[in-house]
Amino acid sequence: MTEAQPVRVVLVDDHSMFRSGVRAELAADSGVEIVGEAGGVGEAVAVIGRTKPDVVLLDVHMPDGGGKAVLEQVKDQDVRFLALSVSDAAEDVIGVIRAGARGYVTKTISTAELADAVRRVAAGDAVFSHRLAGFVLDAFASSPSADVTPSFDPELEQLTSREREVLRLIAQGYTYKEIARELFISVKTVESHVSSVLRKLQLSTRHQLTRWATERRLA
Amino acid sequence: MQLAAPPPRLYRAADGRVVAGVAQGLANHLAVKPLYVRIAFAVLATFNGFGIVVYLALWAVIPQEPVAADAPRRPRRRAVERGTVLALVAVAAGGLLLSRGVPILGNNILLVPLLLAGAGLAVLWSQADKDQRDRWRRISLFETEPTTRRSVAIIRFVGGAILVAAGVASFLLLSGTLSAARDGLVAGVAVLAGLALLTAPLWWRLVADLTQERRERIRSQERADLAAHLHDSVLQTLALIQRHSDEPREVARLARGQERELRTWLYRPEDREESKFAAALEAVAGEVEDAYVVQVESVVVGDAEVDDRLGAVVQATREALVNAAKHAGVGTISLYAEVEPAEVTVFVRDRGAGFDPELVDEDRHGVRGSIVGRMERHGGEATIRSVVGAGTEVELSMDRSTT
Numbered sequence: 000m001t002e003a004q005p006v007r008v009v010l011v012d013d014h015s016m017f018r019s020g021v022r023a024e025l026a027a028d029s030g031v032e033i034v035g036e037a038g039g040v041g042e043a044v045a046v047i048g049r050t051k052p053d054v055v056l057l058d059v060h061m062p063d064g065g066g067k068a069v070l071e072q073v074k075d076q077d078v079r080f081l082a083l084s085v086s087d088a089a090e091d092v093i094g095v096i097r098a099g100a101r102g103y104v105t106k107t108i109s110t111a112e113l114a115d116a117v118r119r120v121a122a123g124d125a126v127f128s129h130r131l132a133g134f135v136l137d138a139f140a141s142s143p144s145a146d147v148t149p150s151f152d153p154e155l156e157q158l159t160s161r162e163r164e165v166l167r168l169i170a171q172g173y174t175y176k177e178i179a180r181e182l183f184i185s186v187k188t189v190e191s192h193v194s195s196v197l198r199k200l201q202l203s204t205r206h207q208l209t210r211w212a213t214e215r216r217l218a
Numbered sequence: 000m001q002l003a004a005p006p007p008r009l010y011r012a013a014d015g016r017v018v019a020g021v022a023q024g025l026a027n028h029l030a031v032k033p034l035y036v037r038i039a040f041a042v043l044a045t046f047n048g049f050g051i052v053v054y055l056a057l058w059a060v061i062p063q064e065p066v067a068a069d070a071p072r073r074p075r076r077r078a079v080e081r082g083t084v085l086a087l088v089a090v091a092a093g094g095l096l097l098s099r100g101v102p103i104l105g106n107n108i109l110l111v112p113l114l115l116a117g118a119g120l121a122v123l124w125s126q127a128d129k130d131q132r133d134r135w136r137r138i139s140l141f142e143t144e145p146t147t148r149r150s151v152a153i154i155r156f157v158g159g160a161i162l163v164a165a166g167v168a169s170f171l172l173l174s175g176t177l178s179a180a181r182d183g184l185v186a187g188v189a190v191l192a193g194l195a196l197l198t199a200p201l202w203w204r205l206v207a208d209l210t211q212e213r214r215e216r217i218r219s220q221e222r223a224d225l226a227a228h229l230h231d232s233v234l235q236t237l238a239l240i241q242r243h244s245d246e247p248r249e250v251a252r253l254a255r256g257q258e259r260e261l262r263t264w265l266y267r268p269e270d271r272e273e274s275k276f277a278a279a280l281e282a283v284a285g286e287v288e289d290a291y292v293v294q295v296e297s298v299v300v301g302d303a304e305v306d307d308r309l310g311a312v313v314q315a316t317r318e319a320l321v322n323a324a325k326h327a328g329v330g331t332i333s334l335y336a337e338v339e340p341a342e343v344t345v346f347v348r349d350r351g352a353g354f355d356p357e358l359v360d361e362d363r364h365g366v367r368g369s370i371v372g373r374m375e376r377h378g379g380e381a382t383i384r385s386v387v388g389a390g391t392e393v394e395l396s397m398d399r400s401t402t
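Protein sequences, first through last, are from chains C and G. Residue 10 in numbering that gives the first Met the number 0 sits at position 11 of the first sequence; the count goes up by one each step and never skips. Residue 270 in numbering that gives the first Met the number 0 sits at position 271 of the second sequence; the count goes up by one each step and never skips.
Accuracy of the hints is not assured; some may be wrong.
Here are the simulated DSBU-like pairs of lysine-lysine, each with C-alpha atoms no more than 35 Å apart in a straight line [stated by the list, open to error]: (1) 275/G <-> 106/C; (2) 176/C <-> 51/C; (3) 176/C <-> 32/G; (4) 187/C <-> 106/C; (5) 106/C <-> 32/G.
In case anyone wonders, no lab produced these hints; they're calculated from the structure.
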């Protein structure tokens with residue numbers, strides 16, 4: 000990246016070993032600058048308020064409410080969140096996304112992909128890992144009309160077939176560039192599809208979305 | 000019971016009893032003939048009914064002789080002996096009534112209430128005898144409906160209570176004035192209330208202790224499960240990793256396998272059925288990860304029961320994964336499966352070496368037989384796209400609509 004301004008990033012994770020690892024990895028990328036770290040919810044809120052980063056790399060699982068608590072406490076600030084977790088639990092993932100995170104990647108992501116994801120989130124795009132794409136497809140898949148609040152915008156409650164295609168390809172491990180080539184569309188269009196899915200994910204009142212995650216675990 | 004125990008423990012006898020086994024049990028304990036004990040009770044009963052009170056008190060205090068569930072049950076005493084006891088009872092009753100100066104056949108005030116209350120008590124107490132109830136349950140094999148038994152129990156209880164109440168009431172009515180009866184009733188209620196108040200903390204603590212104990216037991220059970228699981232899996236794997244620390248491939252394989260197992264244990268829904276399609280696919284992915292030291296990133300959307308055709312899809316998926324692991328030369332393979340009402344689609348994709356499908360030998364069994372052939376035999380389809388240097392994608396689709 001040769002942009003004048005590197006993306007300013009704050010790392011939030013309760014495992015200091017993991018923080019130093021990510022810091023070391025991202026230090027090699029000149030397009031990303033780590034401006035702060037936090038090991039807990041309260042600390043994170045303070046650091047984010049002080050440093051005003053572009054992107055917060057947010058651990059989903061932390062004591063005192065986890066990433067979701069951070070998201071809820073700094074909601075009004077102009078900062079974007081990328082959730083980073085080892086968790087495979089659907090309710091955690093969907094939970095942080097609905098709380099306002101712009102994306103979700105697993106901690107096994109490669110350094111280059113992580114730097115890329117950070118830049119993408121900074122630019123206002125959404126970043127879906129293959130697993131999140133799978134969760135979303137699952138959540139929007141079954142019985143679309145049965146449990147939708149009737150008064151609500153029906154557009155929000157369903158994915159278009161193009162969005163579905165894009166998500167399928169993400170779930171299969173395609174990069175945005177590969178998806179663009181596969182579907183004969185531009186990368187920008189792919190990004191807008193993903194952003195639109197993110198918006199639906201956050202705004203949809205589908206019972207399914209709120210209930211679904213817990214059901215997968217409990218029911 | 001025990002072999003060399005000179006005086007056997009004092010139990011109410013289960014065998015050879017007539018009423019509640021008190022006399023027989025005492026006889027066993029004292030090593031005398033039960034008849035003597037019964038005569039003693041009968042004699043005592045003539046002193047203001049003292050013997051009856053003693054009998055009832057012993058009935059309440061002495062535990063019933065434990066009976067092995069499968070022990071052959073001997074019948075109660077024969078009719079002859081029962082007759083003896085009845086005679087004794089009659090003698091005792093007569094003695095009692097005479098000693099009170101009550102004309103036996105006259106307008107007496109005690110006999111009716113006593114009989115009523117006694118019958119009620121007998122019904123109630125036999126109901127409360129747990130071993131006895133178990134015994135009935137064992138005997139009445141044909142009466143399997145528990146509701147019937149419970150309703151019978153309720154009828155017995157209510158009947159017994161009514162008998163006792165009638166006995167007490169008629170005693171009060173016959174023996175004293177109405178005001179005295181009321182006084183007696185008030186006193187009785189007061190005594191009962193006092194007893195309830197006195198013993199309430201005891202009961203309450205008993206219940207609380209039981210609840211607490213059950214909760215503790217569940218918690219320690221959970222802890223034990225967790226410890227057992229961590230020990231069996233994580234600790235073992237860590238030990239193995241230390242032993243193979245100079246073999247990166249082996250370490251990666253062990254770590255990956257353990258991660259997969261732990262994830263399954265932590266995040267999978269508890270009711271997940273292992274016979275289903277998603278579980279089967281993930282099991283296959285796990286096998287390939289283990290065998291070829293690769294990472295399979297699997298995403299499965301939806302789920303279904305595995306039938307013949309889905310079984311074929313699982314096997315074909317396995318073959319595709321193995322091919323990718325063996326020939327692609329990369330560390331990561333993507334597996335994506337989607338179950339829709341009409342069809343099931345599976346994609347296996349790698350970014351590895353790739354090949355030219357035109358150049359694959361006819362005899363390369365993996366692709367032709369195990370993937371394409373298998374899918375087509377079961378009415379499905381397999382499409383293989385590969386570009387040299389860019390990777391391979393295998394698409395499997397199986398129709399679900401027709402049966």
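Against the structure, the hints come out as follows:
| no. | hint | verdict |
| --- | --- | --- |
| 1 | 275/G <-> 106/C | holds, 28 Å |
| 2 | 176/C <-> 51/C | holds, 31 Å |
| 3 | 176/C <-> 32/G | violated, 101 Å |
| 4 | 187/C <-> 106/C | holds, 26 Å |
| 5 | 106/C <-> 32/G | violated, 84 Å |
In this structure, the hints that do not hold are numbers 3, 5, in rising order.
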